[in-house]
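Residues per chain are reported as follows:
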Amino acid sequence: MIQLGLLEARSRVLDVAAFLDRVQRAAAGGTTGPALRDPRLQAILAAVHLLGDGQPERARRVLELWSDPTQEPVPHADGKAARGMHLPGA
Amino acid sequence: MYIDPHVHMVSRTTDDYARMAQAGCVAITEPAFWAGFDRGSPEGFHDYFRQLTESEPRRAAAYGIRHHAWICINPKEAEDHALAREVMDLIPRFLERPNVLGIGEIGLNRNSRTELAVFEEHLELAASHDALVLVHTPHLEDKLKGTRLILDAIRNHGRLRPERVLIDHVEEHTVRLVLDAGFWAGMTLYPDTKCTAARAVDIIEMHGTERLWINSAGDWGHSDPLAVPKAAVTMRARGHAAEAVARITLENPRAFLGQSPRFSDAPLRPTAADAGR
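As given, the protein sequences belong to chains G and Z, one line each in that order. To convert, count from 1 in the first sequence and add 102; that's the working numbering. To convert, count from 1 in the second sequence and add 312; that's the working numbering.
Hints listed in this document are in silico derivations from the structure and should not be mistaken for laboratory results. Any given hint could be a false lead.
[Claimed, not checked] With a cut-off of at most 16 Å between alpha-carbon atoms, the simulated EDC-like pairs for lysine to aspartate or glutamate come out as follows:
1) 542/Z / 350/Z
2) 182/G / 392/Z
3) 182/G / 391/Z
4) 542/Z / 577/Z
5) 182/G / 350/Z
[Claimed, not checked] Facing chain G, a subset of chain Z residues (Cβ under 7 Å, in silico):
6) 378
7) 388
8) 391
9) 393
10) 395
11) 397
12) 401
13) 422
14) 424
15) 432
16) 436
17) 440
18) 451
19) 452
20) 456
Just so it is clear, CB atoms sit at the ideal spot from N, CA and C, and this is done for glycine as well.
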């Protein structure tokens, strides 16, 4: 099983690493503070942290980590597209 | 031989029909959905429903593929409640068309109150017509909450049997909720926002093959109308027997869809010309 998915997983981890580098480089000349404080990127980093906790069902737990935990319908649809992860107050 | 039980062929080229036929597709079902822009009138939906029930069956038949449809106003266009009600008034007459299996893809998109109200009105329409139901669940961070709201709404409605309802776009965090409640579950193989083939096979290995299918949801966005046969290759590479592959890609869709007498995956001789000519 490792052999079947190793290179693809390796490639995707590198993509995440390169994406974070890219964001940081792009924001280097900005005035808004460290780019990685963006709550969307914090949600990505929280998921990356979860991958190493040794517990099973990482995919389910990552999806739950990014999910809206509220239970009531919202008054109105805020656009058609979801953002990718739940960001309280966004 | 396989069935793609959720694909939006109005957004695909005729070449895609040809490739799907070459890959072994014998039948498809096409839910009514958001085609990338908001239709401004009931007449726009009327013409779309005609396309689903008149034109697409002919295009598919040209390649020996049996085409079936689901009719509804989808949740992405349901926020305008007045328009939604006007469109819903059109639905009963289309439910009588020979390729229509039921109501779909209804559900929620951003989990709003209006979306939920329109969803509940569709459930009543399905119950009153004894129609099968195909349910869209929201994407990304909205999926878990939306799936719970949908399951609660169906339970509260109380007149739809779970075995006649397919909850689509399940992922790792929602599949158990759906199956444990007795519904059928669909896994959608779609880049970025839904399941990859590898993850779909993971879900099969963790939760079994009962009441579970896979589909491409191929549409106008980044998507792959050959996702189902490609996932079958992934299953075989992971050591699954041919019987298990056939169950997921052919027998399970046949079992759910076959609850409608209008469904067929019997061999269809390709016709000479498609509807676009």
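Which hint numbers does the structure go against, in order from smallest to largest? When the structure is compared with the hints, numbers 1, 4, 6, 9, 10, 11, 12, 15, 16, 17 turn out to be violated.
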